[in-house]
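With chain W's structure known, arrange chains X, D and Z with the ligands on it following the hints.
Protein chains in written order, with the numbering used here: chain W, 31 to 351; chain X, 31 to 351; chain D, -6 to 268; chain Z, -6 to 268.
A few of these clues could be false.
[What the hints assert, rightly or not] Covered stretches of chain X, as calculated for chain Z (at least 3 residues, CB under 8 angstroms):
{"#": "1", "segment": "216 to 222"}
{"#": "2", "segment": "336 to 344"}
[Unchecked claim] Pairs of lysine-lysine residues, derived as BS3-like cross-links and limited to a Cα-Cα distance of at most 27 angstroms, are as follows:
{"#": "3", "chain 1": "W", "residue 1": "Lys171", "chain 2": "Z", "residue 2": "Lys255"}
{"#": "4", "chain 1": "W", "residue 1": "Lys266", "chain 2": "D", "residue 2": "Lys226"}
{"#": "5", "chain 1": "D", "residue 1": "Lys102", "chain 2": "X", "residue 2": "Lys175"}
{"#": "6", "chain 1": "Z", "residue 1": "Lys141", "chain 2": "W", "residue 2": "Lys322"}
{"#": "7", "chain 1": "W", "residue 1": "Lys171", "chain 2": "X", "residue 2": "Lys75"}
{"#": "8", "chain 1": "X", "residue 1": "Lys346", "chain 2": "W", "residue 2": "Lys175"}
{"#": "9", "chain 1": "W", "residue 1": "Lys145", "chain 2": "W", "residue 2": "Lys310"}
{"#": "10", "chain 1": "X", "residue 1": "Lys322", "chain 2": "D", "residue 2": "Lys82"}
{"#": "11", "chain 1": "W", "residue 1": "Lys334", "chain 2": "D", "residue 2": "Lys71"}
{"#": "12", "chain 1": "Z", "residue 1": "Lys82", "chain 2": "X", "residue 2": "Lys346"}
{"#": "13", "chain 1": "D", "residue 1": "Lys226", "chain 2": "W", "residue 2": "Lys346"}
{"#": "14", "chain 1": "Z", "residue 1": "Lys255", "chain 2": "Z", "residue 2": "Lys210"}
{"#": "15", "chain 1": "Z", "residue 1": "Lys82", "chain 2": "Z", "residue 2": "Lys102"}
It is worth saying that the hints were derived from the structure and are not from the lab. Where a beta carbon is used, it is the ideal one built from N, C-alpha and C, also for glycine.
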Amino acid sequence: MDLEFEKSLVELEQQMSELEGGSDNNQQLNSQVTQLKRKINSMRKKLYADLTPWQTVQVARHPERPVLRDYIEGVFSEFIELHGDRAFGDDKGIIGGFASIGRQRVMLIGHQKGKTTEENIACNFGMGNPDGYRKALRLMKLAEKYNLPVVSFIDTPGAYPGLEAEARGQAEAIARNLTEMARLEVPVVVLVTGEGGSGGALGIGVGNVVLMLSHAVYSVISPEGCASILWRDGSKAPEAAAALKITADALLELGVIDGIIEEPVGGAHRDHAATFDAVKTEISQQLARLKKMSARRLVEQRFKKFAMLGKFDNRKYAVHR
Amino acid sequence: MDLEFEKSLVELEQQMSELEGGSDNNQQLNSQVTQLKRKINSMRKKLYADLTPWQTVQVARHPERPVLRDYIEGVFSEFIELHGDRAFGDDKGIIGGFASIGRQRVMLIGHQKGKTTEENIACNFGMGNPDGYRKALRLMKLAEKYNLPVVSFIDTPGAYPGLEAEARGQAEAIARNLTEMARLEVPVVVLVTGEGGSGGALGIGVGNVVLMLSHAVYSVISPEGCASILWRDGSKAPEAAAALKITADALLELGVIDGIIEEPVGGAHRDHAATFDAVKTEISQQLARLKKMSARRLVEQRFKKFAMLGKFDNRKYAVHR
Amino acid sequence: MGWFTRKKAAVEEKPDLWTVCPACKAHVYKEEWQAALKVCPQCNYHERLACTERLALLADEDSFMEFDADIRPADPLKFSDAKGPYADKAQQTVEKLKLNESILTGGCKMNGRSVVLGIMDFRFLGGSLASGTGEKIFLAADYALRHKLPFIIFSASGGARMHEGILSLMQMAKTCAAIARLNEDGIPYISVMTDPTTGGVSASFAMVGDINIAEPKALIGFAGRRVIEQTIKQKLPDDFQTAEYLQEHGFVDHIVNRAEMKDFLCRVLRYWKEN
Amino acid sequence: MGWFTRKKAAVEEKPDLWTVCPACKAHVYKEEWQAALKVCPQCNYHERLACTERLALLADEDSFMEFDADIRPADPLKFSDAKGPYADKAQQTVEKLKLNESILTGGCKMNGRSVVLGIMDFRFLGGSLASGTGEKIFLAADYALRHKLPFIIFSASGGARMHEGILSLMQMAKTCAAIARLNEDGIPYISVMTDPTTGGVSASFAMVGDINIAEPKALIGFAGRRVIEQTIKQKLPDDFQTAEYLQEHGFVDHIVNRAEMKDFLCRVLRYWKEN
Ligand SMILES: [Zn+2]
Ligand SMILES: [Zn+2]
Chain W
31 MDLEFEKSLV ELEQQMSELE GGSDNNQQLN SQVTQLKRKI NSMRKKLYAD LTPWQTVQVA
91 RHPERPVLRD YIEGVFSEFI ELHGDRAFGD DKGIIGGFAS IGRQRVMLIG HQKGKTTEEN
151 IACNFGMGNP DGYRKALRLM KLAEKYNLPV VSFIDTPGAY PGLEAEARGQ AEAIARNLTE
211 MARLEVPVVV LVTGEGGSGG ALGIGVGNVV LMLSHAVYSV ISPEGCASIL WRDGSKAPEA
271 AAALKITADA LLELGVIDGI IEEPVGGAHR DHAATFDAVK TEISQQLARL KKMSARRLVE
331 QRFKKFAMLG KFDNRKYAVH R
Chain X
31 MDLEFEKSLV ELEQQMSELE GGSDNNQQLN SQVTQLKRKI NSMRKKLYAD LTPWQTVQVA
91 RHPERPVLRD YIEGVFSEFI ELHGDRAFGD DKGIIGGFAS IGRQRVMLIG HQKGKTTEEN
151 IACNFGMGNP DGYRKALRLM KLAEKYNLPV VSFIDTPGAY PGLEAEARGQ AEAIARNLTE
211 MARLEVPVVV LVTGEGGSGG ALGIGVGNVV LMLSHAVYSV ISPEGCASIL WRDGSKAPEA
271 AAALKITADA LLELGVIDGI IEEPVGGAHR DHAATFDAVK TEISQQLARL KKMSARRLVE
331 QRFKKFAMLG KFDNRKYAVH R
Chain D
-6 MGWFTRKKAA VEEKPDLWTV CPACKAHVYK EEWQAALKVC PQCNYHERLA CTERLALLAD
54 EDSFMEFDAD IRPADPLKFS DAKGPYADKA QQTVEKLKLN ESILTGGCKM NGRSVVLGIM
114 DFRFLGGSLA SGTGEKIFLA ADYALRHKLP FIIFSASGGA RMHEGILSLM QMAKTCAAIA
174 RLNEDGIPYI SVMTDPTTGG VSASFAMVGD INIAEPKALI GFAGRRVIEQ TIKQKLPDDF
234 QTAEYLQEHG FVDHIVNRAE MKDFLCRVLR YWKEN
Chain Z
-6 MGWFTRKKAA VEEKPDLWTV CPACKAHVYK EEWQAALKVC PQCNYHERLA CTERLALLAD
54 EDSFMEFDAD IRPADPLKFS DAKGPYADKA QQTVEKLKLN ESILTGGCKM NGRSVVLGIM
114 DFRFLGGSLA SGTGEKIFLA ADYALRHKLP FIIFSASGGA RMHEGILSLM QMAKTCAAIA
174 RLNEDGIPYI SVMTDPTTGG VSASFAMVGD INIAEPKALI GFAGRRVIEQ TIKQKLPDDF
234 QTAEYLQEHG FVDHIVNRAE MKDFLCRVLR YWKEN
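Here chain W stands alone, though its shape is the one from the complex:
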């Protein structure tokens, strides 16, 4: 799928494939192709170096962008899925289990999106239900018992807004996770890989380290939702996206995240393998670093990190970082 803002690139790429498709294989043609390729690459590099927030949203939601299953295959050498919240069901929108990254063993939890409509219906488009958040909490508590770090992959439009979800306590489930994750005595590494949608994202997002892929977004409300409330016009989503400061760069500056994992040129969906490498390297390093901290220090560091956000020093707002 091509994104709207990549139109000019797409045209050049079509030109190139026409040239390549030509039967004659003379030197002139080859050099034309090479030139074009270089041009496309440099255009793409430029385009992606300077994405608007709204363009970033589109990249973050790109249907070919890696989803949790892809990361499990590409980043982790083993994954043993563990099912169920031990009370009601086994949510498909949030999954988890034992996983190995290099030589490090962790408890992996994350939002599960699909790639086809069918898959997406099965996993609810990555929108967690209360049983999903409760399963995640159960697994985090198990990680605590087994002294395993928690790695959390965030990619959700938000917690599922349904009748049953409300009846079974969507609010309670998220609130409980925020409360319990604050005191978890093992390292927690969080990575926003795509959409970091509001409370549904934060519900598994209280980490010692919070990272983002360079074209991921993380927001209190979807740009569309914000536009329709504050602009009274859903089509003003681009304006809202810009105003909300939802890109990795902006969030790093605000101190909300601790690091950015650079995506390959053209976005993670253009080169899964390179994305997995970068993710694997960064998470491994973070785990190695956090492993050296005592349980008490981990809790204290995580607590202070969130205490700093929106802090008022001497009663004046203070951006930390």
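What follows is chains X, D and Z with the ligands alone, placed relative to chain W:
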């Protein structure tokens, strides 16, 4: 309601009320009435001093026997009901809340039976659902946070055997309670007031002290159920009741309970007030005693108590007590 | 209850003597409405209160000591929307309400017992949770922790404040982290949900009380009714997301009338045994 | 897998060469049935195993050291029913099965890793939980605690043993208390539910594993199917109380085929980091 085995008593009582109803109020009649009264009392005393196990079952299930609501009114000076398991619902078969007994404040939990069919349907005849056991656990954990003793009143035919109850994990809910109650860092006083039905009773029954009213029963299976399995004949319930050793005396001897609260002559249903007095006195004393123990000792004592049950010393079965 | 009596005089000067209950449309004398603490005598609807009104119903006279009154909305994003800069909007709100943030916090006595209180005010940008709100809750919880005092929050909020973006979202984690420390130290935290308690506030500190209390008929829920109806494409039950519905589903311990709230809280707190 | 190969010879001597699968009624060569570890090649039905058979599939060769083999059914109630004294019935069962209780416990190695195992045997009075069973589990858990070894129980039981009355019931609390201590000390406890795991066993140690594993299609549940149908007066779904149903409802982490069980357990245990 009169019980089958009280037939002869009932006849005498009818005689007496006929005499009393007589219009002449001469001395001879008065003395006849007095004599009859004495006779009835002594008969009842004898009858109740020597109830068969099956007769005890009938007394334990007597519809006029005090239920939890009665104890709340008669034994406790305050009760603030707390609702909900914070995940699914608010079971009516198991309730709980803050309660005061004399000057002591406790967390009270218990099975709720009704007295009319309507009431019983509302509270499911005292049969807990998973959400009931989970509510009880939540309240016990709250008691732990507030440093409050737990008082648990047991009166249930058993946990509710329903489709929904199974789907939501009746087994898990009970098992979880047994596991968590074992390590609760506050005193737990358990009193079986009527029917102690199997896992449904034990699910809120892991106490530092387990008491029974003198005509209550506590059993691994209902006598009817046992008879229909082992005798292949439900009408052999009296035999099963005897074989299962389900009366307070038998259980005290087996070391399963720690004390018996004597009921008034003729059973708790004949004299609620006297029953409440006895219950209040005994529970208050137990609480006062346990209050002096540290959290660690409480856990250790409770653990050892249950470890002793069915213990094999030097590989030979050993009844402790 | 000083506040309510003081207010009466002002009311009488106005020509319109009637209040129309927003819930049942009953016409009630304004005086009666005030005397009933803004609760409808017909349908028991509990009208939203200003934080100062609520405070008057809770704190023993002259016992309130406000915390962090000078914390005002920050504008970390330099946010502007169709109506202009958030900074201006916030400033206007502050001036209009004589209130610096969407929550009032402080210490006070309730029937002689010291507690720490947080009272949200829906009039302040929909009672939205933003950096200032979160910080005030955090600092109040910290005070409760250090002084071993029970902490009570009255919620009234539409959710996180969009104008402070992700920093508003982070206040959910920050406030819950503060509550988590109270849990660890065995300090009571009681949540009282009033109309409305939704979105990010319901999904954070409002839902994790040792005891969750609600005012009758308060709207409580995570997602908005319209969003849910659009998602599931079916009508929702009438009592959906009411306090009563929440209690039935296991999330509210007790529904307490406004007039009994103070005494109820005091009764409950007697069950906490300080170690 | 010594046990399965040893057994083959004996099977061949018998005239009837076929096993009929109790689940799908397929006719399967006994030899094939044995080679498949008593799993139906047609429908993946996992036949119940004797504890010794199960042990052979799990323990590294010659690594098993049995605990408390001399614990035999006690008769604390001097129980008798229509068929006579429990003591006699127990004695006959012991002699017939060459097994002293409904569970086999001990230490062993699994792919070189030390673990403590408990394996229930449904042939022994329906795998019922009684004083001896509970005591053996308790002592095995205690061993696991003292030696910091993972504890794994394979359940197969109809529930508590009526013949030991309330003392059987109390084993539910006793075994869970033992598991609770493992939790406190961070020692892994893994529950594997095999066909059937019901009643008091499902409502105690079988359901509170760090990980709950089940064999395919195992019957798992608290109340009996008939009792439930009588209570709710409606037919139950076909897959009710199957391992698959339990997984769907959130109570089983993983359903594992018999042939892969040992390796699966070892893979899982690698995630426990001893402190
Ligand atoms: Zn009204
Ligand atoms: Zn088959």
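Need the list of violated hint numbers for this structure, in ascending order. Hints 1, 7, 8, 10, 13 and 15 contradicted; others consistent.
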